[in-house]
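In order, the protein sequences belong to chains A and B.
Letter 309 of the first sequence, counting from 1, is numbered 309 in the numbering used here, and no numbers are missing.
Letter 306 of the second sequence, counting from 1, is numbered 306 in the numbering used here, and no numbers are missing.
To be clear, the hints were calculated from the coordinates, so they are not data collected in a lab.
Ideal placement from N, C-alpha and C gives every residue a C-beta, glycine not left out.
Among the hints, erroneous ones may be present.
[Stated by the list, open to error] Have a look at the derived ranges for each label pair, beta carbon to beta carbon: (1) Lys98/A to Asp161/B: 26 to 32 Å; (2) Thr99/A to Thr6/B: 30 to 36 Å; (3) Lys295/A to Lys298/B: 51 to 57 Å; (4) Asp139/A to Lys298/B: 41 to 47 Å; (5) Thr99/B to Phe154/A: 47 to 53 Å; (6) Thr101/B to Lys164/A: 42 to 48 Å.
[Stated by the list, open to error] Taking lysine-lysine pairs in the DSS-like style, the calculated list, with each CA pair at most 30 Å apart, reads: (7) Lys80/B to Lys191/A; (8) Lys26/B to Lys80/B; (9) Lys159/A to Lys82/A; (10) Lys187/A to Lys298/B; (11) Lys187/B to Lys261/B; (12) Lys311/B to Lys195/A.
[Stated by the list, open to error] So, partial list: chain A residues that the calculated Cβ filter (under 10 Å) puts toward chain B: (13) Met141; (14) Glu210; (15) Phe222.
The chain contents come next:
Number of protein chains: 2
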Amino acid sequence: MIQKQTRPILTVGSMAFDSVRTPSGKADNVLGGSANYFSLAASFFTQTKLIAVVGEDFPKDHLKFLSEKGIDISGVQVVKGKTFHWAGEYDGNMNEAKTLTTALNVFEHFDPKLPVTHVECPVVFLANIDPVLQQNVLDQMKHHELVALDSMNFWIMSKLDELKKTLKRVDIICINEKEAFLLTEEKSLEKAVKKIQAMGPSNVVVKRGEYGSALFTPTGAFLAPAFLVDEVVDPTGAGDSFAGAFIGYLAENGATRSMIKSDPAGWDQLIRRAVIHGTVMASFTIQDFSIGRLKTLKKEELMHRKERLMKMISVG
Amino acid sequence: MIQKQTRPILTVGSMAFDSVRTPSGKADNVLGGSANYFSLAASFFTQTKLIAVVGEDFPKDHLKFLSEKGIDISGVQVVKGKTFHWAGEYDGNMNEAKTLTTALNVFEHFDPKLPVTHVECPVVFLANIDPVLQQNVLDQMKHHELVALDSMNFWIMSKLDELKKTLKRVDIICINEKEAFLLTEEKSLEKAVKKIQAMGPSNVVVKRGEYGSALFTPTGAFLAPAFLVDEVVDPTGAGDSFAGAFIGYLAENGATRSMIKSDPAGWDQLIRRAVIHGTVMASFTIQDFSIGRLKTLKKEELMHRKERLMKMISVG
């Protein structure tokens, strides 16, 4: 049984300027960052309390826009200096970005501090940042009921021990297929997932780019193809906005860690539906550069495409 | 409404010796060929009348084995010379074979001649051979009720006009994603499929290797993820055995061309189920070299895995 009791999410991650080149064109110094995509996607389902750092160059208008979307920006630090900047490109393989430059700027000394209003937030999403900071955030929190995490090859290679410590405290991990193999030194997806589950998170979402994702819960596996879009304009933010709708849907529907064990069948059904919502959100994100499509997206459009996807994956 | 009236299939394609190297190991001079994989996979559903050519070196025991599986081998020509030999390898990307050598041998002068007992076979599968030969076979046939075809980059590049002529006479095409793009000079899957449908086949199955397949019918799209296997030993024959079970299931259930228009909803449901059966068959094929796994496979195993796949793709 699903207890429907909408809960807020606390997320920590990056706010950034991105410069991106794809086969469809390019965009310079546009809004990006994992926490940006995540919170905007999650705003269709529940409130997100955002923990991030930006420089003085970050547009106030955008913070205001996020606030109008119901996102709590009181935990966003505005500090002296420049906002994090990432430049990358996709050529041929749209499933993997090639990083050209990374200027950490104010992100280099990011020390996430949770306002007292934030420490009891029940659902937590640790976006792809230094696993030491991810732990740091969890250390400040009390009574959280569900923790999800994203990571990447950079942390797997440079801070594996810290990442493993963080993983022990996590219920759900979202990870790219290649990174799942890198993290576990396995080549078979099922073997890799079993190893990851043994590291902590009992639920593993493996992202496979344009091919969709595979979810592994204690009960079984769920294979979710990506929604087909006419043109992938820019894949940046697909994973973070997937996570935003995925965790957003879980939080909206009162998902808790205890449910994983107490009601495995109900949990399995709930998290499958959450994956579907994540899939649909990502399909909108990639249809424009930056958060362009997410800014204009309406809930009805999201639900309409969800119905279309459901038909595309139903055997009938 | 599905009229269940099992029909036989006529198939024309290659019988071969393969030498394959994969990350799992290698196999030299083992049984292969599109018609071999196809007919063996289809034998779980209906009878196949096999049109092919082999040399004197082809094992009689194997023809006897196919015959015992209910496959009609009376159209297999045994001629002087050596059987077609293909050597290839997979490294890294298991979705695409790298051809090392092709010795056409007796296949070079293959002139498919249909026995009089074969010309009224209602379902036809033209495996991946010269489109001129594919037309040649259709020219000999009367009253066929459903025609499916496979092709590849080699024919798209070398005999595009002949391939296009063949496509006009076809109801269903099975094609790799890359080849769909090559054939249509499109980069978006949906645009490519629309162009292919305009060339003739109203039903398009796009094979995406380990990520599964996408089916496009006049009614809509169906996205079918591949079944997850622990180890892909050898992808050779995955596409052909997919087609065997896919067309086999359609033929077993009395699918006809007229149904596509007269009962589009019933057709759509039937062909989605056919894709599922193809998906499951391919997942067994890749678990061993050559036709190793298909030779020992039992219908109960097939149905059991089909049920598992159905659970893996159900939103619940």
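Do the hints match the structure? See the list:
1. In this structure the supplied range 26 to 32 Å is violated for lysine 98/A paired with aspartate 161/B, their Cβ-Cβ distance being about 39 Å.
2. Judged by the Cβ atoms, the range 30 to 36 Å given for threonine 99/A and threonine 6/B is violated: they are separated by roughly 56 Å.
3. Between lysine 295/A and lysine 298/B the CB atoms are about 55 Å apart, so this pair conforms to the stated range of 51 to 57 Å.
4. Range check, aspartate 139/A to lysine 298/B: about 55 Å between beta-carbon atoms, so the 41 to 47 Å window is missed.
5. Here the CB-CB span from threonine 99/B to phenylalanine 154/A is close to 37 Å, at odds with the stated 47 to 53 Å.
6. Taking 42 to 48 Å as the suggested C-beta distance range, the pair threonine 101/B and lysine 164/A conforms, at roughly 47 Å.
7. Pair hint lysine 80/B plus lysine 191/A does not hold up; C-alpha atoms about 49 Å apart against a cutoff of 30 Å.
8. A hinted pair counts as satisfied when its Cα atoms are at most 30 Å apart, and lysine 26/B with lysine 80/B qualifies at roughly 29 Å.
9. Distance check on the hinted pair: lysine 159/A and lysine 82/A sit about 26 Å apart at the alpha-carbon level, within 30 Å; holds.
10. This hinted pair checks out: lysine 187/A and lysine 298/B have alpha carbons roughly 28 Å apart, not beyond 30 Å.
11. For the hint linking lysine 187/B to lysine 261/B, the alpha-carbon distance of about 29 Å falls within 30 Å, and the restraint holds.
12. Our distance criterion of 30 Å between C-alpha atoms is met by lysine 311/B and lysine 195/A, whose separation comes to about 23 Å.
13. For methionine 141/A, the interface hint is violated, since its Cβ never comes within 10 Å of a Cβ in chain B; the closest pair sits about 31 Å apart.
14. Here the hint on glutamate 210/A is kept, as its CB sits about 9 Å from the closest CB of chain B, short of 10 Å.
15. Because the beta carbon of phenylalanine 222/A sits about 6 Å from the nearest beta carbon in chain B, less than 10 Å, this interface hint is met.
Violated hints for the displayed structure, listed by number in ascending order: 1, 2, 4, 5, 7 and 13.
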